[in-house]
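First to last, the protein sequences are chains H and G.
Going letter by letter, the first sequence gives residues 1 to 333 in the working numbering.
Going letter by letter, the second sequence gives residues 1001 to 1282 in the working numbering.
Since the hints were made in silico from the structure, they are not lab data.
Everything numeric in this text was worked out from a predicted model, so none of it was measured.
Backbone N, C-alpha and C define an ideal beta-carbon position, used for all residues, glycine too.
Among the hints, erroneous ones may be present.
Which chain H residues stay away from chain G? Per the calculated CB distances, all over 12 Å, these [as the list claims (entries may be wrong)]:
1. P65
2. R93
3. E109
4. W116
5. G147
6. G168
7. L202
8. D256
9. A262
10. F272
11. G301
12. R305
Which chain G residues face chain H? A few, computed with CB under 7 Å, are given here [said to hold, decoys possible]:
13. T1008
14. A1011
15. V1058
16. T1062
17. A1098
18. A1101
19. R1102
20. P1103
21. I1104
22. R1105
23. S1107
24. D1281
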Amino acid sequence: MTGPTARLGASASLDVGAEEQPIADLPPSSAVWCSGLRKRYRRQTAVDGVSFTVGRGEVVGLLGPNGAGKTTVIKILLGLVRPDAGEVLLLGRSARDPQARAGVGYLPELFRYQPWLSAAEVLALHVRLAGVTVPAAERRACLALVGLADRAGDRVGGFSKGMQQRLGLAVALVARPDLVILDEPTSALDPLGRADVRDLLLSLKARQVAVLLNSHLIGEVERVCDRVVILDKGRVAASGTLAELLGRRELRLRLDGVDSAAEERLAAAGAFTRDRDSFVVALPADPDATTVPDLVADLVGLGVRVHAVEPARISLEERLLDILRAGPTEERR
Amino acid sequence: MTARIVFTVAALTLQEAARRRVLRSLAVLTITLLALSAWGFSRLDAEFGGLTTGEAKVAASTVLNLVMFGLSLIAALGTAFLAGPTLAGEVESGTALAILARPIRRSAVLLGKWLGLVAFGSGFVALAGLAQFLIVRTTLGYWPPQPAIGLALLAAQTIVLLTLGLLLSTAISPMASGIVAVGLFGATWIAGVIGGVGQALANDSVARVGTISQMLLPTDGLWRGAMHAFQDQTLFTQVGPGFGASPFLSQAPLTTAYLGWAGLWVVLVLVLAGLAFQRRDL
Ligand SMILES: Nc1ncnc2c1ncn2[C@@H]1O[C@H](COP(=O)(O)OP(=O)(O)OP(=O)(O)O)[C@@H](O)[C@H]1O
Ligand SMILES: [Mg+2]
């Protein structure tokens, strides 16, 4: 229990409290709570002390490079892979009890459904296995939601890859889940399908369904997720709300006639980098409304000629690359 | 709760068997065998002109057992090659991921699959066996003394083999599990024949080969019990002790102890398969 807490760094403070609490005292609010997950495949360490939570109704993105351990973490949560260590609660119940998965919908990274069944039969099967009753009309509506309404009676064996993934989405959603775990839900989808999935995620969010979303499409994650957890080499490299992770703003300036006094003034506003006449100043997360106008006025007063001033926000993609390139040191930041 | 899952999965397994090509191949093989046997029995009848002599009875019993052996082989092959894909194949293809992420126990899924395969194998044995009896009756006028017991033992043999197939498929690939199961089935049968020769020659160490292999994998033991139920009960007194050596005639009915062991064997192997499947990373 020592490793993960120490390693996660500032952004993980959200999770630290949870880790030290005994299970019984946990707030019933979390859809996923996991702590100290560890998994080795022979010589390969796939997951190494991962802890995080997904609140009820919260949409959390799971990001990281290939082989970071995202799929393995998801499979551990669902009891498909046995962890070497660690504890999982799903919707407030220990994942050791299969009933903990009663309110969980899952789309696997490797999505395959009984090829000898029809799409409608696959949904009926999953509803029965989930132990709920869902009227046929609602099941049909679920197929329509993923664009398979007119293929309901066709054998899954004859479906294209994207159609199978759409069916997988319907399977994940059909039993009225409170938590949906999607492992790369758009990997086989056309651009229209991706937009559909985005709308679907937003509608889940509106209905207070918690979502754990693993995706390499960062734009998708940035648009729908409340929080992200970034995995690298089996560890949590960073986690937090989008505002926390992307908090840093920057100011791009094109200036000439910059002397040492002007440079001092720039440095007072924030750390800056210079590439000939282009300057990038890192601003605090919540800059004063007066910060930028004051800086410009002072620069003009110092005889600097101001060609362009452009405030910018760091994109999640840039931030992700930053974190991953910085490697292990970033974890202790 | 769990019972509902078991029956759902059993029904799904039967549906799979019905909708996949296995069933059609099985039907073709079975009908071919039945047709061949009908022709063979009518030739036999023409040769002997009825079952009046002891010789004719030996011939009829031997040929009936031979054909039933063919049927049991088809049942064994069919279920072994269904058992492999249904578990190992689903794990390999990823079909198992979505299923096992549902609020169900893996043991319930395994038990459901087993139950579905048992229903399929037993149904096949009952139908094909009955058809065979009717053929022998119309061609030779012979009706086996204990048809129900014989067919039940034949079904038990199929169940033993498919349980072994399930255990193997929790550990190795779908094709390999089918091949290994059928290979072991064949090896036990051969060991049984060798044991029979040993008995006929009163050679204890050779006879023990058969006994031991019949304990390790009860398919051959159950098969010999089934043969005994199919063949004419007066044979032994007529032919004398020499026929222990024949692979298609059996000297003695099964003991209750052996039946008990076969039942225990199935339970043990099924539990073992459950434990192996429970521990498996998907
Ligand atoms: N069944 C397995 N056997 C052996 N090693 C495995 C197995 N599954 C995963 N691994 C290893 O675990 C590590 C993490 O794999 P995982 O599939 O979780 O990555 P991922 O983050 O989902 O990657 P991707 O973005 O490519 O899907 C990898 O190094 C992989 O080689
Ligand atoms: Mg993955």
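Consistency of the hints with the structure:
Here P65/H stays apart from chain G, with its beta-carbon at least about 22 Å from theirs, past the 12 Å limit. R93/H, annotated as away from the interface, has a beta carbon of chain G within 12 Å; the closest lies near 10 Å. Annotated as non-interface, E109/H brings its C-beta within 12 Å of a C-beta of chain G; the closest such distance is 8 Å. Non-interface call for W116/H relative to chain G: violated, since the shortest CB-CB distance, roughly 4 Å, does not exceed 12 Å.
For G147/H, the non-interface assignment is confirmed: its Cβ lies about 19 Å from the closest Cβ of chain G, beyond the 12 Å cut-off. The Cβ of G168/H sits about 7 Å from the closest Cβ of chain G, inside the 12 Å cut-off, so the non-interface label is violated. L202/H, annotated as away from the interface, keeps every beta carbon of chain G farther than 12 Å; the closest lies near 24 Å. Consistency note on D256/H: stated as away from chain G, and its beta-carbon is indeed over 12 Å from all of that chain's, at 60 Å minimum.
With a minimum CB-CB distance of about 61 Å to chain G, A262/H clears the 12 Å threshold, and the non-interface call stands. With a least CB separation of 50 Å from chain G, F272/H remains clear of the 12 Å interface cut-off, as annotated. The non-interface label for G301/H is consistent with chain G: the shortest C-beta to C-beta separation is roughly 65 Å, beyond 12 Å. The beta carbon of R305/H is kept farther than 12 Å from every beta carbon of chain G, the shortest such distance being approximately 62 Å.
Interface hint at T1008/G: satisfied, since its Cβ lies 5 Å from the closest Cβ of chain H, which is below the 7 Å cut-off. Interface restraint check for A1011/G: the shortest CB-CB distance to chain H comes to about 10 Å, outside 7 Å, so the restraint is violated. The restraint placing V1058/G at the interface with chain H is violated, with a minimum CB-CB distance near 46 Å, outside the 7 Å limit. Hint status for T1062/G relative to chain H: violated, with the closest Cβ pair at about 41 Å, above 7 Å.
The beta carbon of A1098/G is positioned within 7 Å of a beta carbon in chain H (closest approach about 6 Å), and the interface hint is therefore held. Hint status for A1101/G relative to chain H: holds, with the closest Cβ pair at about 4 Å, below 7 Å. A distance limit of 7 Å between C-beta atoms decides the matter here; for R1102/G the minimum to chain H is near 4 Å, and the interface restraint holds. Here the hint on P1103/G is kept, as its CB sits about 4 Å from the closest CB of chain H, short of 7 Å.
At its closest, the beta carbon of I1104/G sits 6 Å from a beta carbon of chain H; the interface hint therefore holds under the 7 Å criterion. Look at R1105/G: its Cβ gets to within about 5 Å of chain H, closer than 7 Å, so that hint holds up. A least Cβ separation of about 10 Å between S1107/G and chain H goes past the 7 Å threshold, and the interface hint is therefore violated. With a least beta-carbon distance of about 5 Å to chain H, the hint placing D1281/G at the interface is held under the 7 Å criterion.
Hint violations for this structure: numbers 2, 3, 4, 6, 14, 15, 16 and 23, all remaining hints satisfied.
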